[in-house]
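> Sequence:
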Amino acid sequence: MAQHIDYYASLNSPWTHLGAARIEALAAKHGAALRIWPVDFGTVFAGSGGLPLPKRSPQRQVYRMQELARWRDHLGIPITLQPRFFPANELPAACCAIALRETQGDAAAIRFAHRVLKALWEEERDTGDPATLSALLTEIGQDADEVQRLGAEPRWAERRMADTQAALARGVFGAPCYVVGDDIFWGQDRLEFVDKRLGRMVA
0 MAQHIDYYAS
10 LNSPWTHLGA
20 ARIEALAAKH
30 GAALRIWPVD
40 FGTVFAGSGG
50 LPLPKRSPQR
60 QVYRMQELAR
70 WRDHLGIPIT
80 LQPRFFPANE
90 LPAACCAIAL
100 RETQGDAAAI
110 RFAHRVLKAL
120 WEEERDTGDP
130 ATLSALLTEI
140 GQDADEVQRL
150 GAEPRWAERR
160 MADTQAALAR
170 GVFGAPCYVV
180 GDDIFWGQDR
190 LEFVDKRLGR
200 MVA
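Okay, so the sequence shown: first residue is 0 according to numbering that gives the first Met the number 0, each after it adds one.
Treat each hint with caution, since some may be false.
Label pairs and their calculated CB-CB ranges [what the hints assert, rightly or not]: (1) D144 - E66: 19 to 25 Å; (2) E23 - T102: 17 to 23 Å; (3) D72 - L52: 18 to 24 Å.
Straight-line C-alpha distance at most 27 Å; calculated DSSO-like pairs for lysine-lysine [stated by the list, open to error]: (4) K117 - K28; (5) K28 - K195; (6) K54 - K117.
To be clear, the hints were calculated from the coordinates, so they are not data collected in a lab. Beta carbons are placed, not taken as given, at the ideal position from N, Cα and C, and that holds for glycine.
Work out the full structure: start from the sequences and follow the hints.
Right, here's the structure in full:
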């Protein structure tokens, strides 16, 4: 049986960005299909007892910044800890990613989603701005006008909300989450365990 990873990603999350290249590499290493779900984590938090960042305690917010700096240095990924346009309006990018997933496949959607994350966290670009998305789509070889026109169709926002409810029903509660079979792995710091789980499937 072909291996499969469900990848629940937030296009605003630095943690999703820090794990982006590594989850792609793990999928390639194990020959696993990687399926991206850019769901609405505001809804996920509300439905699972989590809090959006501005509502978290000062202690948690301070610790988050310390951890981001540690992981930035550990991985050598030059993220900006407080990017100018964070949080961005991620709905247009998420809808474009879903449209790409459903019309061209997951590889196209993942390439776009990961480019969006890099633009936000490394380049301090406004990834909620259609002009930014147009430039990013063009950069990865997409027809920017066509993808944005397609992404603006209401069906993709509706699909995102349906995917979000399905994620909650499955037990997803934070970003990023990687699901292999019935096992949920929350956070880019759990990728070693994803690797081990995939390895057991072919042992």
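> Work down the list of hints and note, for each, if the structure agrees.
Results of checking the hints against the structure:
| no. | hint | in the structure |
| --- | --- | --- |
| 1 | D144 - E66: 19 to 25 Å | violated, 39 Å |
| 2 | E23 - T102: 17 to 23 Å | holds, 20 Å |
| 3 | D72 - L52: 18 to 24 Å | holds, 21 Å |
| 4 | K117 - K28 | holds, 23 Å |
| 5 | K28 - K195 | holds, 12 Å |
| 6 | K54 - K117 | holds, 25 Å |
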